[in-house]
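S.K.: Residues per chain are reported as follows:
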Amino acid sequence: MQLTLLDWSIILVYLAGCLAAGLWMRRFVRGVQDFAVAGREMDVNLGIASLAATELGLVTIMYTAQLGYEKGFAGAAIGVIMWLVMWFVGRTGFVIGPLRASGIMTIPELFERRFSPRVRWLAGLFVVLGGLLNMGIFLRLGGEFLVHAIGLPPGALEWTMTALLGLVLLYTALGGMLSVLVTDYLQFLVMGVGIVVTSVLVLVHIGWTPLNAGLEAAWGAGQLKGHPYNPFHESSFGWGYLLWQFVFQLAVVTTWQTQISRVLSARNADTARAMYRRTSFYFVGRFLLPGLWGAAACVWFTAQGGLPEGLTSLTAMPHFLGVVLPAGLIGLVVAAMLAAEMSTDSGYMLTWATVIYNDLIAPCLKRPLSPPAQLRLTRALVVVIAVFLLFYGLWYELPGNAWDYLAVTGNIYLASVFTLLVAGLYWPRANATGAVAALVLGAVGPVAFLVLGQRLAIAPEVAGASSFTLAALGMVVGSLLTPARPLRQ
Amino acid sequence: MNSVLVAVWGLLLAASIVWYGFLVFHVGWKAGREIRDLTATLGAAER
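Residue numbers (our numbering), protein chains in the order written: chain P, 1 to 489; chain B, 1001 to 1047.
Since the hints were made in silico from the structure, they are not lab data.
Hints are not guaranteed to be accurate.
Some chain P residues near chain B, calculated using beta-carbon distances under 8 Å [as the list claims (entries may be wrong)]: (1) 102; (2) 105; (3) 210.
Anything over 12 Å on all C-beta distances counts as not near chain B; from chain P, calculated [said to hold, decoys possible]: (4) 83; (5) 94; (6) 164; (7) 227; (8) 285; (9) 292; (10) 304; (11) 305; (12) 311; (13) 326; (14) 377; (15) 461.
Beta carbons: idealized from backbone N, C-alpha and C, even for Gly.
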């Protein structure tokens, strides 16, 4: 697919608009509070736009399309689970209500108040490790999309992604969360229009009835890895995996720091809860719409006699879009995908930099830094994370399925930090000994399974559930075996 | 069984497309006004 002058114009206008808006917000940053949580002035609709933009990256589109390619519509069952879990948390305020009311900037900060400074530091380390490894493949997968959708020469991939990251870095390092919120808003609009237009075009191109006939034929011919409609079927996710996903997604929406940073930037707890409720159904489309593109790619390539040499289930969707989208619209779609990539990169870089400063460096300083020095250090950390992303993201080869990689790396901290949060907020008997035991056992589980899982063929739901069970056991046994202490909060 | 599941996924797909369109226009409009209020608040604090 060759980009026309109109395509390039759309892409360049979008990029220039983002850069201008991001740099404009820089003048409002007066301290770390403005930089990290936008002065806690974010209202509900801006929160929805920012949360939606950050949590739907180009990496998301790639792995959800891969699920659609391999499992048909059943691959989007995880999105339905996320919808139900997000709505439940927004309705009840489970974890996010007391978290916002506590007035903290990062999750580990709560652990110092509730447990001890050591627990805060250890939790911060796990949060950063899990988060950075998770983010490590974002650039690689984003680049794969551009290579296959617009025929970018593979040699230009590194330079294109470096330039894109440089642009994001410029406004994120200078304007922090204020710039991220405003650019997220623009990216939310461009991304939303691009996703709707692409979905309608794919449906028009392939047709609803032929799509389903094609999926059934592909399932019959063994081209699909699972039943195209029934996620409970033994060839698809199965009951065990889906039940496990309820627990996993509950931990994600209450613990994942990039998502929680929107909760902590909200004006109050009610705003945060409303943001969750109104964003909840968005997560169905987050899996189902790119899943539709992946399923359509599967049907299209099956009709062509199978995947051509050099394509995989991950790269089939962008190649398919490059073929079916008319010239003039590919510019809008590429701008939408760049928007998805940029909004996620900026939110993640800012979040992990804030945790490194707030929870790993600040507690070790004998004297607190002056506000300008705090700001300079946090900005420098954003730059360091960008450099890490470039080297890890562009030269690391993904060992298997993208969704599995993201789930395993996320689980390094999800199980332990989720256990600490729930126990810290709702179990008065929890203490620092239990917290340290939960942190260590919760992380040992996924790391051990990463090493042994290849040899022993352990199911991901067994590996995941074990890490949550180990973390909970560590918290309960560790707390009950040591004397109760008065609450620190 | 398959036809029921196809109908369920079809409904969810249609609802997702409509919901995304609604979010872009409705939330987009309101969030734009919230950005204006946010910058006004921050600008007043700056002065």
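S.K.: Hint by hint, where does the structure go against what was stated? Just the numbers, ascending.
M.R.: Structure breaks hints 1, 2, 3, 4, 7, 8 and 9.
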